[in-house]
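Just so you know, the protein sequences line up as chains Z and G, in that order.
Quick note on our numbering: the first sequence kicks off at 1 and runs consecutively.
Quick note on our numbering: the second sequence kicks off at 1 and runs consecutively.
Because the hints were derived from the structure by calculation, they are not lab data.
For glycine and all other residues, C-beta sits at the position ideal for the given N, C-alpha and C.
Don't take every hint at face value.
Pair ranges (Cβ atoms, derived) [as the list claims (entries may be wrong)]:
#, chain 1, residue 1, chain 2, residue 2, range
1, Z, Glu10, G, Gly232, 33 to 39 Å
2, G, Arg136, Z, Ala103, 52 to 58 Å
3, Z, Pro67, G, Pro179, 54 to 60 Å
4, G, Ala208, Z, Thr2, 34 to 40 Å
5, G, Asp114, Z, Leu148, 43 to 49 Å
6, G, Asp301, Z, Ala103, 33 to 39 Å
7, G, Ala325, Z, Thr2, 41 to 47 Å
8, Z, Leu78, G, Asp114, 32 to 38 Å
9, Z, Ile92, G, Gly120, 55 to 61 Å
Computed footprint of chain Z on chain G, listed as stretches where at least three residues anywhere in the stretch have a Cβ under 8 Å from a Cβ of chain Z [said to hold, decoys possible]:
#, region
10, 165-174
11, 300-313
Stretch by stretch, here's where chain G covers chain Z in the computed footprint (C-beta under 8 Å, at least three residues) [stated by the list, open to error]:
#, region
12, 3-15
13, 249-260
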Amino acid sequence: MTDLLAWLAEPLQYAFMTRGLLAALIVGTVCQVLGAYVVLRGMAFFGDALAHIILPGVAVAYLLGWPLGVGALIAGILAAVGIGALSQRREIKEDTAMGVIFAGAFALGIALLSTQRSYAVDLSHILFGNLLGVSTGDLWLMGGLAALVILLVVAFYKEFLVLSFDPVLAVTLRLPVTFLKNLLLVLIAVVIVTSLQAVGVALVLAMLVTPAASAYLLTRRLPAMMALGAALGAAGAVIGLYLSYYWNLASGPAIVLTETVLFFVVLLFGPSRGLLWRRRAATA
Amino acid sequence: MSARRWVGTVLMALLLPMAGCTGLPAQTPPTETTPKVLHPIALGPGERLRVLATTSIVADVVAAVGGTRVEVSALVPPGVDPHAFEPTPQDARSVAEAQVVFENGLGLEAFLGDLVQSAGTGAPVVSVSVGIEPLRAGNPAAEGETAARAEWDPHVWLDPQNVILWTQAIEAALTALDPPGAADYAQAAEDYRLELRALDTEVEAILAAIPEGQRRLVTDHEEFAYFARRYGFEIVGAVIPAPSAAAEPSARELAALEDAIRSTGVQAVFVSSVVTPALARQLAEDTGIQLVSLYTHSLSDNSGPAPSYLALMRLNARLIAEALAG
């Protein structure tokens, strides 16, 4: 037991690990508040696209010497509103439009960064995250954005609920559907920006979708799904960070892999919908 | 998902991380030990030898030896990290137009092989580090796995004695390419070597202010081995424990460095002007030590504090002495 405690305590004597752990916890939980909506509304591709579309914003901030989060936030909100507007039109299917913008914006981001000519190191931080380099300032920014997201989700909880489960009812109830949809997109963008430092553009989708997908296997009630997702997200973040410390792995991928393993464990052994139990029930 | 897409996805997942790690470890000893056979280039009247140097530091030394007979430009612009440099098509053109390319060698210019090939140039690539006994990168005490991944430490120029060897290699190469200039090159090289010897003495004098017990260095990556050997410093560790800044420390390596800083009482971490110092800054804050920026891989531009190699070494020596002598 004392061994386990020592094992748990060793990384925490270093300030950078404590900050990394706090950042991972913030990301692991807050992503799930929106992850539930992303999974329920089938917006996984949108999430991935949005994460990549943020890159030019990050690049511009990097070139101008601003905090990267500010550039990402501006680009993310613009992209969310832009995609929202595009998806109202009928000429192009929504996922096609997203595909075009996603790839174009990502290329623009890399092209902008390549003017720096020694960009490989910073680009890899943006793509894969740098949990060890989280500063106290980053933590405050992440915490502030997370609080804002949770506050707005609580405030618009009923509206989002109706919108996600019964869009027709939402129109009948004369809810401001377009506004709500855009608000949801913007909130997802904010959450993605919050997660950038931890897992990077390339893996941020996992933080949004994977724990929510696990939670969806366990419950269909939205509040329970959010809570379970947050618990799984936080567990994955903490376990992943410890594994990265003791096994010398990059921290972002370690967290994402842990979330993925948790998903498959739930998929196989989940109490009611687990594949294993279903197989057994079928043969019995 | 079809099998082909699956393979594609896996390949991508494997390839993407490679974007971050340029520069494969050299498996064989460096080829720099044997000078190249160079053939004279016929230059028209008033025509100068077109020389391309990889870094601004190499360019500065080549210009000192070449004088007015050569026209030197640097490939890697000031303020850019040569380890992580990504050439553009314009750079391939510069290579194609050059009559000779001078590189530091020892794995510093990971980009150069492909660039020379794509430029399709017949110009010889000359390593200025010919004749320097290279140090192995990484912990010299490490055996087994680390030692097997033989990699050389390219940061030879931080010891002026090595730059004296550079001037000999440069003088020999320029003389072979442009025999009529032999006397000019010999004279300029000899003059510059005098300056380098004076620099060496001056740096030693500046660093003498640091007491014996405080002659310890923590740097952003492993770049000060030659400097430490020349001026009697002990390397405590590096934020990125690799000879290139284009690598990442693991959490444990960072933790071990924090422990080492606390146990040895080092007062400062020195970072190169060309790298983003985010991790080093965090480390300095967490351990309560100073963060000092040095010019190690690139000169500053002409209006900056280190416009030449000689100015760069003096500046670094002063900054190190100020940080560690206190």
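Taking beta carbons only, do three or more residues of the region 3-15 of chain Z come closer than 8 Å to chain G? With 3 residues closer than 8 Å to chain G, the region 3-15 of chain Z meets the three-residue bar; holds.
- Task: With respect to the beta-carbon atoms only, verify the hint that G:Asp301 and Z:Ala103 lie 33 to 39 Å apart.
- Result: For Z:Ala103 against G:Asp301, whose Cβ atoms are near 37 Å apart, the range 33 to 39 Å holds.
Cβ contact check, 8 Å cutoff: the region 300-313 of chain G against chain Z, three residues minimum: It is violated: at least three residues are needed, and the region 300-313 of chain G offers just 0 whose Cβ sits closer than 8 Å to chain Z.
Outcome of range test on Cβ distance (G:Ala325, Z:Thr2; 41 to 47 Å): Given about 45 Å between the Cβ atoms, the range holds.
Does the beta carbon distance between Z:Glu10 and G:Gly232 stay inside 33 to 39 Å, or does it fall outside?
holds, 35 Å
Practice task
Check whether three or more residues of the region 165-174 of chain G sit with their beta carbon closer than 8 Å to a beta carbon of chain Z.
Solution key: n = 0 at 8 Å, threshold three: violated.
How does the Cβ-Cβ distance of Z:Pro67 and G:Pro179 compare with 54 to 60 Å: does it lie in that range? holds, 57 Å
**Q.** Status of the given 43 to 49 Å range, CB of Z:Leu148 versus CB of G:Asp114
**A.** holds, 47 Å
At least three residues with a C-beta closer than 8 Å to a C-beta of chain G: is that true for the region 249-260 of chain Z?
holds (count 3)
If you check the beta carbons of Z:Leu78 and G:Asp114, does the distance land in 32 to 38 Å?
holds, 37 Å
With 34 to 40 Å as the target window, see if G:Ala208 and Z:Thr2 comply at their CB atoms.
Given a distance of about 50 Å, which is not inside 34 to 40 Å, the answer is violated.
Given a hinted range of 52 to 58 Å, is it respected by the beta-carbon distance of G:Arg136 and Z:Ala103? violated, 44 Å
Hints 2, 4, 9, 10 and 11 from the earlier list are contradicted by this structure; the remaining hints agree with it.
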